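Chains as they are written, first to last, in this note's numbering: chain A, 1 to 112; chain B, 1 to 117.
Worth flagging that the hints you see were computed from the coordinates, not collected in a lab. Keep in mind that this is a model prediction, so the values were computed, not measured. We put the beta carbon where it would ideally sit given N, CA and C, even for glycine. Some hints here could point you the wrong way.
Looking from chain A toward chain B, a few residues come up when the C-beta cut is under 7 Å (computed) [stated by the list, open to error]:
1) Pro-44
2) Phe-62
3) Asn-99
4) Phe-102
5) Gly-103
Spelled out from the first residue to the last, the chains are:
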Amino acid sequence: DQQVKQNSPSLSVQEGRISILNCDYTNSMFDYFLWYKKYPAEGPTFLISISSIKDKNEDGRFTVFLNKSAKHLSLHIVPSQPGDSAVYFCAASVGYGQNFVFGPGTRLSVLP
Amino acid sequence: EAGVAQSPRYKIIEKRQSVAFWCNPISGHATLYWYQQILGQGPKLLIQFQNNGVVDDSQLPKDRFSAERLKGVDSTLKIQPAKLEDSAVYLCASSRGTAGDWTGELFFGEGSRLTVL
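Hey, can you work out the whole structure from these sequences and the hints?
This is the structure in structure tokens:
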């Protein structure tokens, strides 16, 4: 049973445009969410997080939106840059620091 | 600040053999995680330590996998005997706080890629 889903395995975007990566979850108890970026042969690196008491969190070019009623979150990257090309994982947990469940990832390609 | 160190980076073994992976977390990080990432999937938690105690090992296949974190610092993950389906990248991560004061970020190592033939 996949509790965290990223239904788009891949996404291509033109440089300078907006990238939108989506994530859906099934466990209504999840209250903390993270996005990670992974380059080949490297470990995932933290991008941005959001707790269930918020519906938006921004950090520079990255914004995460949370829709609790729809059990959906999205990561917006504006403007997209070629260096953003990587696999993006959404992760969720019940409570801080407890057993993060990761989605399968979306491969983003930003075309120059 | 040095990152999470893992070794070996790559390991190829025959099925039924044993293998061990080592992880040195970021200095001062109380919580340590081992994740298994099979090709095309997201990381799956195997075990979580807080200091040298186990917080969650519900998804660790205990008939073949074992892990320890002696003195609350380094950790080893062992597989014995290995099966073909254990082929994956084993990721170690650490975080600064405990559940009560957690700062919201896991720091991952580069991973150890295991191929079982």
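Each hint, compared with the structure:
no.	hint	verdict
1	Pro-44	5 Å, holds
2	Phe-62	14 Å, violated
3	Asn-99	5 Å, holds
4	Phe-102	3 Å, holds
5	Gly-103	5 Å, holds
Going down the numbered hints, you'll see the structure goes against just number 2.
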